[in-house]
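4 protein chains.
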Amino acid sequence: MSESFKRVVLAYSGGLDTSVILKWLQVTYGCEVVTFTADLGQGEEIEPARAKAELMGVKPEHIYIDDVREEFVRDFVFPMMRANARYEGDYLLGTSIARPLISKRLIEIAKEVGADAVAHGATGKGNDQVRFELSAYALNPDIKVIAPWREWDLTSRTALIDFAEKNQIPVPKDKRGESPFSTDANLLHTSSEGKVLENPWDETPDYVYSRTVNPEDAPDTPEYITVDFERGDGIALNGEAMSPATLLAALNDLGRKHGIGRLDLVENRFVGMKSRGMYETPGGEIYARAHRGIESITLDRGAAHLKDELMPKYAELIYNGFWFAPEREMLQAAIDHSQEKVSGTVRLKLYKGNASVVGRKSPNSLYSERHVTFEDDAGAYDQKDAAGFIKLNALRLKLLAKRDR
Amino acid sequence: MSESFKRVVLAYSGGLDTSVILKWLQVTYGCEVVTFTADLGQGEEIEPARAKAELMGVKPEHIYIDDVREEFVRDFVFPMMRANARYEGDYLLGTSIARPLISKRLIEIAKEVGADAVAHGATGKGNDQVRFELSAYALNPDIKVIAPWREWDLTSRTALIDFAEKNQIPVPKDKRGESPFSTDANLLHTSSEGKVLENPWDETPDYVYSRTVNPEDAPDTPEYITVDFERGDGIALNGEAMSPATLLAALNDLGRKHGIGRLDLVENRFVGMKSRGMYETPGGEIYARAHRGIESITLDRGAAHLKDELMPKYAELIYNGFWFAPEREMLQAAIDHSQEKVSGTVRLKLYKGNASVVGRKSPNSLYSERHVTFEDDAGAYDQKDAAGFIKLNALRLKLLAKRDR
Amino acid sequence: MSESFKRVVLAYSGGLDTSVILKWLQVTYGCEVVTFTADLGQGEEIEPARAKAELMGVKPEHIYIDDVREEFVRDFVFPMMRANARYEGDYLLGTSIARPLISKRLIEIAKEVGADAVAHGATGKGNDQVRFELSAYALNPDIKVIAPWREWDLTSRTALIDFAEKNQIPVPKDKRGESPFSTDANLLHTSSEGKVLENPWDETPDYVYSRTVNPEDAPDTPEYITVDFERGDGIALNGEAMSPATLLAALNDLGRKHGIGRLDLVENRFVGMKSRGMYETPGGEIYARAHRGIESITLDRGAAHLKDELMPKYAELIYNGFWFAPEREMLQAAIDHSQEKVSGTVRLKLYKGNASVVGRKSPNSLYSERHVTFEDDAGAYDQKDAAGFIKLNALRLKLLAKRDR
Amino acid sequence: MSESFKRVVLAYSGGLDTSVILKWLQVTYGCEVVTFTADLGQGEEIEPARAKAELMGVKPEHIYIDDVREEFVRDFVFPMMRANARYEGDYLLGTSIARPLISKRLIEIAKEVGADAVAHGATGKGNDQVRFELSAYALNPDIKVIAPWREWDLTSRTALIDFAEKNQIPVPKDKRGESPFSTDANLLHTSSEGKVLENPWDETPDYVYSRTVNPEDAPDTPEYITVDFERGDGIALNGEAMSPATLLAALNDLGRKHGIGRLDLVENRFVGMKSRGMYETPGGEIYARAHRGIESITLDRGAAHLKDELMPKYAELIYNGFWFAPEREMLQAAIDHSQEKVSGTVRLKLYKGNASVVGRKSPNSLYSERHVTFEDDAGAYDQKDAAGFIKLNALRLKLLAKRDR
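Chains as they are written, first to last, in our numbering: chain X, 1 to 405; chain C, 406 to 810; chain W, 811 to 1215; chain Z, 1216 to 1620.
It should be emphasised that the hints constitute simulated quantities derived from the structure, not laboratory data.
A couple of the hints might just be wrong.
[To be verified] Short, incomplete list of chain Z residues facing chain X, as computed with Cβ under 7 Å:
1) Val1386
2) Arg1446
3) Asp1515
4) Arg1516
5) Ser1583
6) Gly1603
7) Phe1604
8) Arg1611
9) Leu1614
10) Leu1615
11) Ala1616
[To be verified] Pairs of lysine to any residue residues, derived as SDA-like cross-links and limited to a Cα-Cα distance of at most 20 Å, are as follows:
12) C:Lys789 with W:Asp952
13) C:Lys754 with X:Asn199
14) Z:Lys1410 with W:Asp963
15) W:Lys1194 with Z:Glu1218
16) C:Lys718 with X:Asp377
17) C:Lys766 with X:Asn199
18) C:Lys600 with X:His371
19) W:Lys914 with Z:Ser1371
20) X:Lys144 with C:Ala806
21) W:Lys1212 with Z:Phe1539
22) W:Lys1171 with Z:Pro1420
23) Z:Lys1326 with W:Lys1067
24) Z:Lys1617 with X:Arg231
25) X:Lys384 with C:Lys789
26) C:Lys754 with X:Asp377
27) W:Lys1194 with Z:Asn1342
28) C:Lys807 with W:Val1023
29) W:Lys1171 with Z:Glu1218
30) C:Lys807 with W:Gln852
31) X:Lys384 with C:Ser409
32) X:Lys384 with C:Ala564
33) Z:Lys1564 with W:Val1023
34) C:Lys807 with W:Lys1171
35) W:Lys1194 with Z:Pro1420
36) Z:Lys1410 with W:Thr1183
37) C:Lys766 with C:Thr778
38) C:Lys789 with Z:Glu1218
39) Z:Lys1617 with X:Asp377
40) W:Lys1194 with Z:Ser1371
Backbone N, C-alpha and C define an ideal beta-carbon position, used for all residues, glycine too.
Just chain X, same shape as in the assembly:
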């Protein structure tokens, strides 16, 4: 440990691992630790973190416990959803999108308390370390980041528990053995990886799922809902106006009930290896489909196709931790520009794992029944125009064919 720190802001969950980190920072660096515990909608009480932090000597004024759910959905989840972002075709980026927000708060708090470093509990093999740190450095280039999992020698579960016990950190019974998998949760999703999921041929055991019922156990009758959008963002469920976080929470309830949003994926990590993860994004999956639904009648083809072309790169940037990079912001500027008229109502059918768009309407609809009808269109469209359209589109192909035959 060649470096020394005076004061460190730790992303603190209150759980065993980050409690060990809290103590380890105090012991190793002799530094003052400031804790930040966020309610991102992970579904666990965050207040207990206060007592634990106090117990380990964190000053009351250095214990930050914030409810950031509205900020999370409004400023991170919704902007990302405007892009229809899915990493590697499927993953709705539930973990990735929460990290920059946590880093943002860590850096803000570091400024408030005059800390010279921030610390997080992500391991050295995963993506989260990258996401935390790129965001932190982008927001404060002079900040130091401590990643205990890359530094310490508590590399086995036994060593970690020994350290906890030696330092009077309570170890819950269920943490004594190896946990069968590790999870991350927030209002958008719960992810699980490791242990029982490590063989990608084995089906994910049902007990791994915590946010959704098994589709087999979901109701036998479909449920129809409507989601309203304004300028690309969800604003109401079944006609009832809701704040971003409230809307997502309500969709989560619906998704849970109908077994929607389960995903079993082998994905490519930014740090170079493949991993197998299990994701549950109940409300996010419904929302994502609804958003595409409202875009389908309000977005021009040119805008829609450009969005589709840009999406993989945009999703990759978020996955890799580049939320605060200029290129992500440039893409966001393009995407947001497209959403001005993305308003209206989408109707979906929820049934045993399926969230299907079955209707969409909008005051801004570009759908023109007159143009598309097989019936008399009152001159809206002159079919003869198609002949010229095809002829000129074909011209280069004809010239090629003449040459190459």
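Starting from the known structure of chain X, fit chains C, W and Z onto it as the hints suggest.
Relative to the frame of chain X, chains C, W and Z by itself:
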């Protein structure tokens, strides 16, 4: 009609509309008509087309009836599936991918019989006219294409039926009224559009679906299957080797039974307007998910992400009718290059509309449990490397932050 | 002529061709013609157009003669230059970028005078008809567009001159024979095509060039200049603040003198064929290089590379006439977002056809001598970080190599 | 030094720095060093490296001195040129493209001699370390790579020279002081960076240039040349058939004489900072322009535009060291597919820094004078087709405008 034709090859289904076209070509141009009827797996008998054509005076040697199902799946569907192509995020391009094959045969037959033109039954408002004609011109730049729907005056259903009756073309009872929607079918999918689907807010009536049971009526117990791939293409179902068309047909049976592959979409046509379509792609949906599943463990990240970035353009090219364009072939060359090691087995769970990948294995797997494990990895991965990795990825962001604060 | 028009706004240059069109519109449609003549910096007097229009019976209040040079450079050329747009690698889009401005004014004037149509003098083989008309329709979907070259029978030079003479339109002597090539000019460039340029193997004769001296005749000593930028746009030459059009004009003078910006190109038209054109963009070429120069020290890599990836599509959109399409605006939003800090000074050396950036400086520079130096960098950069960076970038390649050997 | 090595293959130039490395490896690791010295066309004798290596105790059979010029141009430079690759709009990647070839030979030699590691002389701040190492790992995932500049303590010039003198390594007089800049050279280019170039505002002093005359000193009369291409690769100069390396060398002579291919650039390194470099690519610049010239008449628009869109990513991959990555190979497959008909002759004018295409012809030309002519085209093109083409391209813009007004 300023042009005259000697002999015309018509894409002939044997149905009322193309029978009217057949007669109209004879009457209007005084030309000899050659018919081509393809079995693309649309699920209707094609032999009856022979008698009908003969009845209208087509010479027996000028009646072409071909089973092109294997060619269709092997040379068109599978190459497209290698790209994970979905137009506008969802549509599996079932109609689009069949058109170039039909044009290819029309042009081949035109050469055999010395025809100077080909004709098709697509309207002037849709994409199919473009697909037929771009393919035809790309394969024979001197061919003439006749698109009666853009030329004639039979623009109402009544006029068409009058013409049929005046010319002794049998009119089936159910064609007398306006049909509530129009359909296209082949081994990959059935599409429906028009009439009852024209209001995108109204849910598609259940009677529109013909290829899949309603998920509500699908079996209450999931079914597990395996699909084997070799070099990017499906080769076996549940361990039983199958030809391309046989495999797709078997997957169609499974998809039908489990209500898989229904899609209700408002899409952007190449000719400029939006249309609302209903698609059923039962086997294709299963196959597409299985293909992504096998890629997830056998494709390198760089290759996988490049494919994802290229896909929207590739899908657009097929949708717009540019199958035989050099840029589609270039993209195919890139995609095919990536598929050399895409071999192995995917296990899927089929249940009430869901086709979920639950396992994948491959002799070519790039998934390394050693690298990803939370346990001791025997030196496979040095977590300290991550520090340098992050530092250098962050450097430009730090320099930006230093400048901009 | 099945349609009839009451009042038509014509893009009128005052030259022979558009004078013939003016008359032809009056004769053919019996309509009132309103003329719009723009000073785009083409280097010809535009006032003479007034007398000619009056002579042909256009009402004085229906003669619009506008100096749009500042608007042209500020709202069209500069935004495009922010993107470093070059079509097919080289062409600076001088003609393409002027068309949307002309259409915009035509539509504005049509509204003012209550016209039901606009008309232009572009032929049916070129790109300009597309650019004029797409812009017109995007700004007023109900406007009618008349393109006489696609409609009339004055398809030979003789017929056109006959028509002129019959209608008392003065025919300049040098227009009596076939002109050896056709040109378009504005403040950004002069283009020439046709006739003596039609064989792409033949070198462009020197007399075709009108905006630049032959590099062989340019001064034997280099000239050094500086261009200042603010937020991505040029604001000063050699330290002297200038308006957009003034700056471009001054750069044109410099480029002319030093033989800069000549381009001989075979390009692909949107309407499907190749054409050979000769372009002179003296000031634009200098400006484009200067802009890249200032970006090189002020733009982050992520932003710069994203811009480079988006550029070809952006340039294609402008070339094809989609200036007023949503996808061009989306790309512009992304590009403009990147330009906030693109301020500073670029020094260039002009010499016999070359415009070379030789220096750049900026208060917003991201260039860090400390980071890049071979000397002691005082800890700015830890070379050991590179080891981890490379290891993790290599990991996927290693896993591939292990599998494939 | 926790690791130990038995035998190490060193990329050895014979110069002071790599001689120090040679010795340092022997001293530090007690390992046997195998040297590899490549003639890449850098313009220096490579045989002297043999005596130096022998002097330092390298076994004669462990001294590899290879002329790889033909392989370099044929298998690396030409494939890259097929893509028209330029990094950040300008840089022809002269250093980047040589590194994978060197790594390839290092790995081949390591296999032959049973070495367990390779070593290179690139610093920890630059791109070359990444390029060397990614290539090495991609070709042999078990190889160890030693990068002395990242490991040793010879971090100042003085320390390095001290080490040399202590170890009887001859130090040339001109290496005693700090060299004013560092260079890399091969048949494609010479690059210089560091020291006198470190302030990007200062013009590069003339003495930095070694491969080209100053344009001011170039001949006062232009020289015309022709370059012949076959399937995308250069095959002849002025009608005389030449091997790849011979052709490039001959173009270098021409470029040198006419002052062509100088580039002063601030670029973004993969490791995160900006650097200022000076490049001379005399023959490469001529070749690159010629290649675009022949493509302009032989490539279809669809293929050409796709190539332009893919190019920035392709160039970035090479710059970043991913030559042997699957995504580079996929892009190459696409690019190579496009080159089949890229054959013909380009004529260029070389004059004081300019290499301008002035003519191009090909048996595979897609340029059709008939289609493009202003004269009667004998029905090749029906101008009325353009009306329909525009109408349908405009349809979505009209629908947008109707909605948004």
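These are the hints, each one checked on the structure:
1. Val1386: 34 Å, violated
2. Arg1446: With a closest approach of 14 Å, the Z:Arg1446 hint is violated.
3. Asp1515: 5 Å, holds
4. Arg1516: This hint holds: Z:Arg1516 lies near chain X, its Cβ roughly 5 Å from the closest one there, short of 7 Å.
5. Ser1583: 6 Å, holds
6. Gly1603: 3 Å, holds
7. Phe1604: 4 Å, holds
8. Arg1611: Since chain X brings a Cβ to about 5 Å from Z:Arg1611, closer than 7 Å, the hint holds.
9. Leu1614: 5 Å, holds
10. Leu1615: 5 Å, holds
11. Ala1616: The hint is violated - Z:Ala1616 has no Cβ within 7 Å of chain X, the shortest such distance being about 10 Å.
12. C:Lys789 with W:Asp952: Roughly 65 Å between the alpha carbons, so the hint for C:Lys789 and W:Asp952 is violated.
13. C:Lys754 with X:Asn199: 17 Å, holds
14. Z:Lys1410 with W:Asp963: 69 Å, violated
15. W:Lys1194 with Z:Glu1218: At roughly 16 Å apart (the allowed maximum being 20 Å), Z:Glu1218 and W:Lys1194 satisfy the hint.
16. C:Lys718 with X:Asp377: 31 Å, violated
17. C:Lys766 with X:Asn199: Since the Cα atoms of C:Lys766 and X:Asn199 sit roughly 9 Å apart, the hinted pair holds (cutoff 20 Å).
18. C:Lys600 with X:His371: With Cα atoms ~13 Å apart, C:Lys600 and X:His371 stay inside 20 Å; holds.
19. W:Lys914 with Z:Ser1371: 64 Å, violated
20. X:Lys144 with C:Ala806: Status holds; Cα separation ~14 Å.
21. W:Lys1212 with Z:Phe1539: Within the cut-off at roughly 14 Å; holds.
22. W:Lys1171 with Z:Pro1420: Distance of about 17 Å is within 20 Å: holds.
23. Z:Lys1326 with W:Lys1067: Answer violated: Z:Lys1326 to W:Lys1067 is near 60 Å, above 20 Å.
24. Z:Lys1617 with X:Arg231: Holds: Z:Lys1617 and X:Arg231 sit about 19 Å apart, inside 20 Å.
25. X:Lys384 with C:Lys789: 67 Å, violated
26. C:Lys754 with X:Asp377: Between C:Lys754 and X:Asp377 the Cα gap is close to 46 Å, so the pair fails against 20 Å, i.e. violated.
27. W:Lys1194 with Z:Asn1342: 14 Å, holds
28. C:Lys807 with W:Val1023: With a Cα-Cα distance of about 46 Å, the restraint between C:Lys807 and W:Val1023 is violated, given a limit of 20 Å.
29. W:Lys1171 with Z:Glu1218: 45 Å, violated
30. C:Lys807 with W:Gln852: Not satisfied, since the Cα-Cα distance of roughly 45 Å exceeds 20 Å.
31. X:Lys384 with C:Ser409: Satisfied, since the Cα-Cα distance of roughly 19 Å is no more than 20 Å.
32. X:Lys384 with C:Ala564: Between X:Lys384 and C:Ala564 the Cα gap is close to 19 Å, so the pair holds against 20 Å.
33. Z:Lys1564 with W:Val1023: 16 Å, holds
34. C:Lys807 with W:Lys1171: 17 Å, holds
35. W:Lys1194 with Z:Pro1420: Outside the cut-off at roughly 33 Å; violated.
36. Z:Lys1410 with W:Thr1183: 8 Å, holds
37. C:Lys766 with C:Thr778: Roughly 18 Å separates the two Cα atoms, so the pair holds.
38. C:Lys789 with Z:Glu1218: 16 Å, holds
39. Z:Lys1617 with X:Asp377: Holds, at roughly 17 Å.
40. W:Lys1194 with Z:Ser1371: 16 Å, holds
Violated hints, listed in ascending order, are 1, 2, 11, 12, 14, 16, 19, 23, 25, 26, 28, 29, 30 and 35; each of the other numbered hints is respected by the structure.
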